[in-house]
Amino acid sequence: DQQVKQNSPSLSVQEGRISILNCDYTNSMFDYFLWYKKYPAEGPTFLISISSIKDKNEDGRFTVFLNKSAKHLSLHIVPSQPGDSAVYFCAAHLPPGKLIFGQGTTLQVKP
Amino acid sequence: GAGVSQTPSNKVTEKGKYVELRCDPISGHTALYWYRQSLGQGPEFLIYFQGTGAADDSGLPNDRFFAVRPEGSVSTLKIQRTERGDSAVYLCASSLGGNTIYFGEGSWLTVV
Chain A
1014 DQQVKQNSPS LSVQEGRISI LNCDYTNSMF DYFLWYKKYP AEGPTFLISI SSIKDKNEDG
1074 RFTVFLNKSA KHLSLHIVPS QPGDSAVYFC AAHLPPGKLI FGQGTTLQVK P
Chain B
76 GAGVSQTPSN KVTEKGKYVE LRCDPISGHT ALYWYRQSLG QGPEFLIYFQ GTGAADDSGL
136 PNDRFFAVRP EGSVSTLKIQ RTERGDSAVY LCASSLGGNT IYFGEGSWLT VV
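Sequences listed follow chains A and B, in order. Add 1013 to a position in the first sequence, counting from 1, and you land on the number used in the working numbering. Add 75 to a position in the second sequence, counting from 1, and you land on the number used in the working numbering.
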């Protein structure tokens, strides 16, 4: 039972354009959501999070949107840079302390 | 260092052997997590500690897996009678209990 799904295994965008990474979930008990970036042979790096009571959180080039009624969240990266090329994981937090991850989306930003 | 530290970074072991993986969380972080990641998959939850106690160990796959955190800081994940299917990256993470959870670089385990 996949409670967190990232349905796009890969995404390719041009440098300077917007990257939109999507994530769907099924469990209404998740209280916050996180996005991580992962380079090969490294651990996941925290990017941004959003509480389930909010619908938007912004940090520099990264914005996360949450649509609770649709059980959908998205990460927007504007403008995209070649250094953003990595695998992006969506994760949902189930109290008291379990993170459930999606399968990941590989983003390639072309110069 | 300031981040989550995991040792060893790489471990190759023979099937049937015992393995210990160590995690040093960020100083002061009360919550500690272990995850396992296989190729092409997202990290999979194993166990969560709040202080010294395991608050949720529902992700441990079977009784060959055990984790301890005796003093509420460093944690050790122990795997008995390793099997080839245990080969994965074992990730440790820590947090202050808020909504930011920091991961280490992982311990790459290969069982041959």
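Since the hints were derived computationally from the structure, they do not count as laboratory data. Be a bit skeptical, because a hint or two may be false.
[Said to hold, decoys possible] Here are the computed lysine-lysine pairs in the DSS-like style, where the Cα-Cα straight-line distance is at most 30 Å:
| id | chain 1 | residue 1 | chain 2 | residue 2 |
| --- | --- | --- | --- | --- |
| 1 | A | K1050 | B | K92 |
| 2 | B | K153 | A | K1069 |
| 3 | A | K1111 | B | K86 |
| 4 | A | K1111 | A | K1018 |
| 5 | A | K1018 | B | K92 |
Here the structure is a predicted model, which is why all the values come from computation and not from measurement.
Each hint tested on the structure:
1. K1050(A) with K92(B): violated (33 Å)
2. K153(B) with K1069(A): Not satisfied, since the Cα-Cα distance of roughly 40 Å exceeds 30 Å.
3. K1111(A) with K86(B): holds (26 Å)
4. K1111(A) with K1018(A): holds (16 Å)
5. K1018(A) with K92(B): violated (35 Å)
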